[in-house]
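*Asks:* Here is what each chain is made of, one letter per residue.
2 protein chains.
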Amino acid sequence: MNENLTVVGGGVIGLSAAWRAARRGHHVTVFDPEPARGGASWLAGGMLAPVTEAWPGEEHVLSLGEESLRRWPAFARELAEEGADPGLAGHGTIVVAFDSADAGHLDILADYLRSLGRDVEQLTGREARRLAPGVGAVRGGLHVPGDLAVDNRKLLTALFDACVRRGVEFRRERVESLDGLGPVVLAAGAWTGRLHPLLESAVRPLKGEILRLRPRRGCLPPPPYTVRAMVEGRPIYLVPRADGELVLGATQYEAGFDQAVTARGVRELLEGAERILPGITEYELVEIAAGLRAASHDALPYVGELGEGVFAATGHHRNGLLMAPVTADAVVAWLAGEPPPDEIGAATPARLLEKERV
Amino acid sequence: MNENLTVVGGGVIGLSAAWRAARRGHHVTVFDPEPARGGASWLAGGMLAPVTEAWPGEEHVLSLGEESLRRWPAFARELAEEGADPGLAGHGTIVVAFDSADAGHLDILADYLRSLGRDVEQLTGREARRLAPGVGAVRGGLHVPGDLAVDNRKLLTALFDACVRRGVEFRRERVESLDGLGPVVLAAGAWTGRLHPLLESAVRPLKGEILRLRPRRGCLPPPPYTVRAMVEGRPIYLVPRADGELVLGATQYEAGFDQAVTARGVRELLEGAERILPGITEYELVEIAAGLRAASHDALPYVGELGEGVFAATGHHRNGLLMAPVTADAVVAWLAGEPPPDEIGAATPARLLEKERV
Chain A
1 MNENLTVVGG
11 GVIGLSAAWR
21 AARRGHHVTV
31 FDPEPARGGA
41 SWLAGGMLAP
51 VTEAWPGEEH
61 VLSLGEESLR
71 RWPAFARELA
81 EEGADPGLAG
91 HGTIVVAFDS
101 ADAGHLDILA
111 DYLRSLGRDV
121 EQLTGREARR
131 LAPGVGAVRG
141 GLHVPGDLAV
151 DNRKLLTALF
161 DACVRRGVEF
171 RRERVESLDG
181 LGPVVLAAGA
191 WTGRLHPLLE
201 SAVRPLKGEI
211 LRLRPRRGCL
221 PPPPYTVRAM
231 VEGRPIYLVP
241 RADGELVLGA
251 TQYEAGFDQA
261 VTARGVRELL
271 EGAERILPGI
281 TEYELVEIAA
291 GLRAASHDAL
301 PYVGELGEGV
311 FAATGHHRNG
321 LLMAPVTADA
331 VVAWLAGEPP
341 PDEIGAATPA
351 RLLEKERV
Chain B
1001 MNENLTVVGG
1011 GVIGLSAAWR
1021 AARRGHHVTV
1031 FDPEPARGGA
1041 SWLAGGMLAP
1051 VTEAWPGEEH
1061 VLSLGEESLR
1071 RWPAFARELA
1081 EEGADPGLAG
1091 HGTIVVAFDS
1101 ADAGHLDILA
1111 DYLRSLGRDV
1121 EQLTGREARR
1131 LAPGVGAVRG
1141 GLHVPGDLAV
1151 DNRKLLTALF
1161 DACVRRGVEF
1171 RRERVESLDG
1181 LGPVVLAAGA
1191 WTGRLHPLLE
1201 SAVRPLKGEI
1211 LRLRPRRGCL
1221 PPPPYTVRAM
1231 VEGRPIYLVP
1241 RADGELVLGA
1251 TQYEAGFDQA
1261 VTARGVRELL
1271 EGAERILPGI
1281 TEYELVEIAA
1291 GLRAASHDAL
1301 PYVGELGEGV
1311 FAATGHHRNG
1321 LLMAPVTADA
1331 VVAWLAGEPP
1341 PDEIGAATPA
1351 RLLEKERV
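Quick mapping for you: the protein sequence lines, in order, are chains A and B.
The first sequence begins at 1 in the numbering used here and counts up by one.
The second sequence begins at 1001 in the numbering used here and counts up by one.
Because the hints were derived from the structure by calculation, they are not lab data.
Using N, Cα and C, we set each Cβ at its ideal position, and we do this for glycine too.
Each hint can be trusted.
Just some of the chain A residues that point at chain B, by a computed CB distance under 8 angstroms:
1. A260
2. T262
3. A263
4. T281
Please build the complete structure, drawing on both the sequences and the hints.
*Replies:* Have a look at this one:
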């Protein structure tokens, strides 16, 4: 034990892996020009919601997400024991529909989840509005009580602090080559494709804009649930924070490595949010931001050995925060030569080789 | 000469007055917690456009604005001679109309301006779009060639630097009382009402939100003119900057001293701007901000002696940048015991006493 480990990337995946490895006695070095704050996880909404993200045909994503969700409470508790509480909230999710097309979409989702034995409750418009006061004229909804949410910025700060306390070394620089780094975890999000030939065309940036709002005096407070909806075909979510802030996300574009906040993105998010929560018009718009998710060729991440001493932990798409605990556990198992969590098997980067062969 | 002068407020009015007075040999002290950057002028669009702001019944505002506009080129030249060019742009204004109601509004404005002998050119929709490529499906327009625009941030920086070079002393604090300050100019914008009983109910904050955008690669560049329009009853303007930036303003609310950027304000500005310039959707949204204009009880500012040794230079509403030169000249004339510019007469605070008497 007490081996060295290099982690490329200081977002939620890299910091989680670094912390867990350092806790097991490894000497860890994290390379990131701006750890914690520089990437997609700093901007995220923080929903830990595998069920409302589920869709027929993506069972592996659901299973992996649910497995990670099961690991979240212990992960958060252990992090809190090291000094900083990441702010896990168990307020559940409501998905609302505004027209018959959206309501039909919810029916499909509800049937699918029931067929898998998942706990969902269908709501009339009136029931949805009773659970989430302030929500607009909805036609119906789904209530998913088991979802969690985490304040992503508290979490990243807590992870960073825990890493520092555990002796993790931070190098604020970019990694150009893996030569001589020893065992290394590639967790550089959308930029990971630049680090390994097998990932080069497999990981791509998926731009997202996200806003942060805050009720002004006299405004209706945010709903006590995470509220999701499709508005004119665009998925929108509103995640309340314990401190009163409301996170509104997120657009989704293929725009290369461009990280500019666009006029269109902000306008569409605000319009969608007004449909869901009419009172949001009077909220203060505190922050506008854009970041790059790491998308994979399918909806699953790449978590597993890429080659001798090189471990991929990337391509988490919209699920980086959700899947951080199970991914970090897979890294630790790899370092110890133990078998990884069962559900991570589907995320093996070996499927890229199969894909190439086909 | 070489008397002391205190200026309360380091926005465009206060800095202009301070610079001009220091140039004449006065020893000037400016009080402002955040000179240049802290107030409404830092956020402004920088239109110097008295004609397109004109409206029947507000002839005094038009005359005063035009008089100040005439003083602008020399003001800018003298400032440039002291070291920093404020970036005066002579690109004129186009006002566009999207429906028959807006077009009717433009006809009234054109008739009115012609009756006053002002130079305006009525445009068909096609002509308007030829002058300002990228403008949406407009019904008609007005071209006002004599308007100017100034980069407000360059201007404020230039004024601040010129003040420093002329020995103006800056005290980064709020003024609570005028006792013992000697001759003093009250130029604290929306906050000026707190400094003198006569202004207390006469100057009020008028909130405005304003955005700054920038074309991304592949975007149509901003139009070469300032473009103004009414969109669903809300006045919108787009002011191009020499460096490619486009300023989009401005909302107008009575909201006390609240300076929060609201979701509604941003959404309405973006929607309006998309109507005027459809390609703006792909622009980067660089900045969202809100500030407080100083509104008066009529549309004129208060410029003149309030009492022994106390001079008002406030209440400029949407016209602070435009009216800075004539206001500064009025301050200098007051200090020298000379008559002020003729057109400033209508702006005398003495009209508040008449109002009280009625």
